[in-house]
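Asker: Given next are the chains, with one letter for each unit.
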Amino acid sequence: MSSQDIPEENLPAEQGHAHGAVGVADEKNPFADPGLPPHEHRVQDIDERAAKRSERAVAMLFVLSMLATVAFIVAYVAIPHDKSIYVFPIGHINALNFALGLTLGTALFSIGAGAVHWARTLMSDEEIADERHAIEAPPEVKAKVMADFKQGAKESALGRRKLIRNTMFGALALFPLSGVMLLRDLGPLPGTKLRHTLWSKGKLLVNMNTNQPLRPSDVAVGSLTFAKPEGLEEHDHEFQTEIAKAALMIVRIQPDDIKDKRELEWSHEGIVAYSKICTHVGCPISLYEQQTHHVLCPCHQSTFDLSDGARVIFGPAGHALPQLRIGVNDEGYLEALGDFDEPVGPAFWERG
Amino acid sequence: MSTESTSKDSRSREKAPAGERVADWADGRLGIYSLAKANMRKIFPDHWSFMLGEICLYSFIIIILTGVYLTLFFHPSMNEVEYHGSYVPLQGQLMSEAFNSTMHISFDVRGGLLIRQIHHWAALIFLAGMFVHMMRVFFTGAFRKPREVNWLFGFLLFVLGMFTGFTGYSLPDDLLSGTGVRFMEGAVLSVPIVGTYLSFFLFGGEFPGGDFVARFYSIHVLLLPGIMLGLVVGHLILVFYHKHTQFAGPGRTNKNVVGMPLLPVYMAKAGGFFFLVFGVIAAISAIASINPIWAMGPYRPDQVSTGAQPDWYMGFSEGLIRVMPGWEINFWGHTLVLGVFIPLVIFPLVLVAIAVYPFIESWVTGDKREHHILDRPRNVPTRTAFGVAWITWYMVLLIGGGNDLWATHFHLSINAITWFVRIAFFVAPVIAFIITKRICLGLQRRDKDKVLHGRESGIIKRLPHGEFIEVHEPLSQDALHTLTAHEQYKPAEIGPTVDENGVERKVKGSEKLRAKLSEAYYGEESQIPKPTVEEYKEITSGHGHH
Amino acid sequence: MAALVVLLLALACTGGLYTLFAPTDKAKADETAQSLAIDEGKKLYAVGCASCHGTGGQGTTDGPSLVGVGAAAVDFQVGTGRMPAQQPGAQVPKKKVIYTQAEIDQLAAYIASLGAGPNVPTDAQYGPEGADIAKGGELFRTNCAQCHNFTGKGGALTHGKFAPDLEGVSPKHIYEAMQTGPQNMPSFPDTTLSEQNKKDIIAYLDAVNGDDTESPGGLELGGLGPVSEGLFAWIFGLGALIAVAVWVAARTAKAKKS
Numbered sequence: 207m208s209s210q211d212i213p214e215e216n217l218p219a220e221q222g223h224a225h226g227a228v229g230v231a232d233e234k235n236p237f238a239d240p241g242l243p244p245h246e247h248r249v250q251d252i253d254e255r256a257a258k259r260s261e262r263a264v265a266m267l268f269v270l271s272m273l274a275t276v277a278f279i280v281a282y283v284a285i286p287h288d289k290s291i292y293v294f295p296i297g298h299i300n301a302l303n304f305a306l307g308l309t310l311g312t313a314l315f316s317i318g319a320g321a322v323h324w325a326r327t328l329m330s331d332e333e334i335a336d337e338r339h340a341i342e343a344p345p346e347v348k349a350k351v352m353a354d355f356k357q358g359a360k361e362s363a364l365g366r367r368k369l370i371r372n373t374m375f376g377a378l379a380l381f382p383l384s385g386v387m388l389l390r391d392l393g394p395l396p397g398t399k400l401r402h403t404l405w406s407k408g409k410l411l412v413n414m415n416t417n418q419p420l421r422p423s424d425v426a427v428g429s430l431t432f433a434k435p436e437g438l439e440e441h442d443h444e445f446q447t448e449i450a451k452a453a454l455m456i457v458r459i460q461p462d463d464i465k466d467k468r469e470l471e472w473s474h475e476g477i478v479a480y481s482k483i484c485t486h487v488g489c490p491i492s493l494y495e496q497q498t499h500h501v502l503c504p505c506h507q508s509t510f511d512l513s514d515g516a517r518v519i520f521g522p523a524g525h526a527l528p529q530l531r532i533g534v535n536d537e538g539y540l541e542a543l544g545d546f547d548e549p550v551g552p553a554f555w556e557r558g
Numbered sequence: 019m020s021t022e023s024t025s026k027d028s029r030s031r032e033k034a035p036a037g038e039r040v041a042d043w044a045d046g047r048l049g050i051y052s053l054a055k056a057n058m059r060k061i062f063p064d065h066w067s068f069m070l071g072e073i074c075l076y077s078f079i080i081i082i083l084t085g086v087y088l089t090l091f092f093h094p095s096m097n098e099v100e101y102h103g104s105y106v107p108l109q110g111q112l113m114s115e116a117f118n119s120t121m122h123i124s125f126d127v128r129g130g131l132l133i134r135q136i137h138h139w140a141a142l143i144f145l146a147g148m149f150v151h152m153m154r155v156f157f158t159g160a161f162r163k164p165r166e167v168n169w170l171f172g173f174l175l176f177v178l179g180m181f182t183g184f185t186g187y188s189l190p191d192d193l194l195s196g197t198g199v200r201f202m203e204g205a206v207l208s209v210p211i212v213g214t215y216l217s218f219f220l221f222g223g224e225f226p227g228g229d230f231v232a233r234f235y236s237i238h239v240l241l242l243p244g245i246m247l248g249l250v251v252g253h254l255i256l257v258f259y260h261k262h263t264q265f266a267g268p269g270r271t272n273k274n275v276v277g278m279p280l281l282p283v284y285m286a287k288a289g290g291f292f293f294l295v296f297g298v299i300a301a302i303s304a305i306a307s308i309n310p311i312w313a314m315g316p317y318r319p320d321q322v323s324t325g326a327q328p329d330w331y332m333g334f335s336e337g338l339i340r341v342m343p344g345w346e347i348n349f350w351g352h353t354l355v356l357g358v359f360i361p362l363v364i365f366p367l368v369l370v371a372i373a374v375y376p377f378i379e380s381w382v383t384g385d386k387r388e389h390h391i392l393d394r395p396r397n398v399p400t401r402t403a404f405g406v407a408w409i410t411w412y413m414v415l416l417i418g419g420g421n422d423l424w425a426t427h428f429h430l431s432i433n434a435i436t437w438f439v440r441i442a443f444f445v446a447p448v449i450a451f452i453i454t455k456r457i458c459l460g461l462q463r464r465d466k467d468k469v470l471h472g473r474e475s476g477i478i479k480r481l482p483h484g485e486f487i488e489v490h491e492p493l494s495q496d497a498l499h500t501l502t503a504h505e506q507y508k509p510a511e512i513g514p515t516v517d518e519n520g521v522e523r524k525v526k527g528s529e530k531l532r533a534k535l536s537e538a539y540y541g542e543e544s545q546i547p548k549p550t551v552e553e554y555k556e557i558t559s560g561h562g563h564h
Numbered sequence: 005m006a007a008l009v010v011l012l013l014a015l016a017c018t019g020g021l022y023t024l025f026a027p028t029d030k031a032k033a034d035e036t037a038q039s040l041a042i043d044e045g046k047k048l049y050a051v052g053c054a055s056c057h058g059t060g061g062q063g064t065t066d067g068p069s070l071v072g073v074g075a076a077a078v079d080f081q082v083g084t085g086r087m088p089a090q091q092p093g094a095q096v097p098k099k100k101v102i103y104t105q106a107e108i109d110q111l112a113a114y115i116a117s118l119g120a121g122p123n124v125p126t127d128a129q130y131g132p133e134g135a136d137i138a139k140g141g142e143l144f145r146t147n148c149a150q151c152h153n154f155t156g157k158g159g160a161l162t163h164g165k166f167a168p169d170l171e172g173v174s175p176k177h178i179y180e181a182m183q184t185g186p187q188n189m190p191s192f193p194d195t196t197l198s199e200q201n202k203k204d205i206i207a208y209l210d211a212v213n214g215d216d217t218e219s220p221g222g223l224e225l226g227g228l229g230p231v232s233e234g235l236f237a238w239i240f241g242l243g244a245l246i247a248v249a250v251w252v253a254a255r256t257a258k259a260k261k262s
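Order-wise, the sequence lines are chains A, Y and V. 207 is the number of the first residue of the first sequence in our numbering; add one for each residue after it. 19 is the number of the first residue of the second sequence in our numbering; add one for each residue after it. 5 is the number of the first residue of the third sequence in our numbering; add one for each residue after it.
Hints are not guaranteed to be accurate.
[Said to hold, decoys possible] Not everything, but these chain Y residues come out facing chain A in the computed CB check (under 7 Å):
| # | residue |
| --- | --- |
| 1 | 164 |
| 2 | 204 |
| 3 | 282 |
| 4 | 351 |
[Claimed, not checked] Using 27 Å as the maximum straight-line C-alpha spacing, the simulated BS3-like pairs for lysine-lysine come out as follows:
| # | chain 1 | residue 1 | chain 2 | residue 2 |
| --- | --- | --- | --- | --- |
| 5 | Y | 386 | A | 350 |
| 6 | A | 234 | Y | 386 |
| 7 | Y | 548 | A | 234 |
| 8 | A | 348 | Y | 273 |
| 9 | Y | 163 | A | 348 |
| 10 | Y | 466 | A | 234 |
| 11 | A | 350 | Y | 163 |
The hints are simulated quantities; they were obtained by calculation from the structure and are not laboratory data. Bear in mind the structure is a predicted one, so any value in this text is a computation, not a measurement. Note that beta-carbon positions come from the ideal geometry of N, C-alpha and C, so glycine has one too.
Bound-form chain A, shown alone (with noise of 0.2 Å):
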């Protein structure tokens, strides 16, 4: 819809037009726009020794520049870089960073306080008024523009030569599809990744602290212990891609106050596996309360109660965490009983 329907008398008047000529407030119109105020002397303009002394003040402040540069470069040269001093109140901190910053800082802003002063006290502060022009171009102008593109059209043909035109543009439209296949090979296809981990059946429950693999008895109601696949190393070159799905939260739950029967099930006296991954968008959590057993995102605050299932109940993830079946070896070692039964992390289309 375009505007022309509304009516040209609800538009205001102009501005600079509403009020008649300009200077002249006069009887008919109080209103009137009286023009520029007369310009006013600054005492720099009237009085030499004033001048001087902004002169002097512009001076000083470029001087204290250079000083500040010169301290620049004798403190980079001067001050070891791993000097540690007190200042108050900011504390200890490192003396290189803060000898260049504030030099470096003086230098700069000295010169442009130099120039600002200088503008301000001794340029000329008397305001002009420049007119503007209409950036619409004049209707001759328009008019001669249109005629040159008609004619260019009508010569190139190309409204007359239908056939030229849409080869070109077909042409034209398919051949970015190259720069789009190009980019297949950013990376694989997904595939069924994202639904596996390293863990299988008799992988053992390694302490992400000690290194060792855990016990049931290592592990005491009100624990928190953070668990990797066996065989997985931090020196892997796989290690944070696989540590990314892998990684696993273990506490431990008297039995009595499980309250879903296949997390029960899926644990070991007490003992429950469950991702540390976020269903929401994959942060490692792990901000266990151990007296309520509930399980907080330190990113986005979605909240799971280990004692049910891992089920959400706050914030914006969407399903629970999934749980490891854990058992134990003939040895006596935790291990996994097989991999998770769900993609751990964030959903994802695929996921259902």
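Here the structure of chain A is known, so what remains is to put chains Y and V in place on it, guided by the hints.
Answerer: Then chains Y and V, alone, in the frame of chain A:
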């Protein structure tokens, strides 16, 4: 003709001072004299709020300068190395080369830490400056014709600035930024149908993989800043071309611009201001630490710290994601992750809401003229109220983004804050809108009062019959003019629905909507009619009596 | 069942071994001192603690059972002033300590006599000797930072609970907290977080959150990350620049008309 003029030319060239000869040379090739003729004494009005854009421009330049320096030392690689630099609490720790080189810059390159801190502080200030600059332009109506395109340029700069900031913040591969990148992976995964593929293409496979630092690096140092540089240049050209807006005042009309010339005053002030901005940021970087990655440690996907937040400009999106309920729909073997995807969709909408406003307003007013005189916010109550409502919305989300720190610092429950934000997201902007509009109308009334009855002088006079009155001094003509210079629209009407032949015309829905909006903007409820000459005369002829 | 038998067997063995090797004379002298301390502790307990935790430490609706919490838990709870608790709330905060260390030791001895639990750690356990600060940092980020922040500045938990700031907390109390898991904090027993691990963590905390920890870049801004940095950038960064802009754009004072 040729011989004579050349000889004359050469003679004048010999005599001319060196500077002039260089200028002549350049003019012959670049036409600089014509350029200078139009611009050398170009007028810029003085007002502190007109310098907000300069803060942004200068911090952008500072960011580029310091950024180039940082690239000389930074290794955008995720190869794992052991740390053996000067910082003791990380000795022997495994980390990516990106983190290691950032540690090297911070502890073993003299002045490296300072440049890093200047780069980061300048980035925060750049974004904050753009935000305030944008609000200045919004509340004074400087976005109106002919400046709508420049408004969009500015808006794009703000959005690109956010993403440039985010990619830069992720480069050191520290535990905090890594957590942010992990969030990004989760957000990408939530996109229906293609999310998983996008995530695998972005990270070169599964998260975190070994590619994202290098990819973010080229986006951060080349792609986004390149586009931004182009937009900045375009933005500045348009500022020059349109000439600056100005506030109403004596001698200031829609047809002129009043101020100081570029050469020398503005050049000294603007040039000086660059050094002032740089100086202030350098001093801040000397006294305040930013992003101390050594305290955070290298990124590991199984580690995290509480207080995991992005830089402030991404804070509102953090708020969106934190307060969203965890909705998830499973059907036919697929998952629709609404708990993440809805915030992901609202995120751009929050920004777009403010970006499209100028176009909505110009449609409502139907005004096609150029506007170079700025509005005082109170004189456009509906726009001002909308702007304040938007800022309130944004602030509510920022509170949501920092809900854990609010909880610990004000001893509140994090759950209570989250619920507060959930409700305030819908309610607070409405309340802010209503209150702001009231305040604007109140201020308009006060202006009208001042014009008609004069300024309160503070002198109390006792009249012969015992009554006390405060003497009101009439305003100067300057003030009278300034306070009555604003435009006031009348609400648009739908117009006759029956033409002269008695044929009924169909009224389009959009037409009705516009009439309604126009009424909301300019109806009796939404603006105080400014004093007319007649009113003024009637009251002043009563003479002295208030 | 098998596990239970193994456990009983193990307990019997260690007990037997202990009696075999324990120096008898010294043990006797210690025993008398110990029983004195227990008696004193029992008196203190009856006055200050029994109303919530029950006369025999069995616990009531107002306070948990203290059987088996060990001396370390008492030393932590009373030594940081958390106990005796003053008012109900989301969490019992740390307060002014009202018992002397001697009294705390007596209380601890009494509680320890109710059931075996972790002992108060010795200086050798939490002292800085032989600690690996960097390893401690890694352990801290794995086990502690999620609640207490990167450098132990604390953080929020659900419903008004919080993980406190660790600045100024003595190494002994940090050790005890890890060992016993006070209130909602989970415990990190020696079986999963070894003594050496704990020592490393304490050394790391001392390095990054001690009194003379260096913050190379300048003001730490609370060590809270981007939120406080953002506030600082707005208030002091942009604030200072706007103040400068006001000065740059302001009219210079005019000469007074005489």
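Asker: Where does the structure disagree with the numbered hints, that is, which hint numbers, in rising order?
Answerer: When the structure is compared with the hints, only number 6 turns out to be violated.
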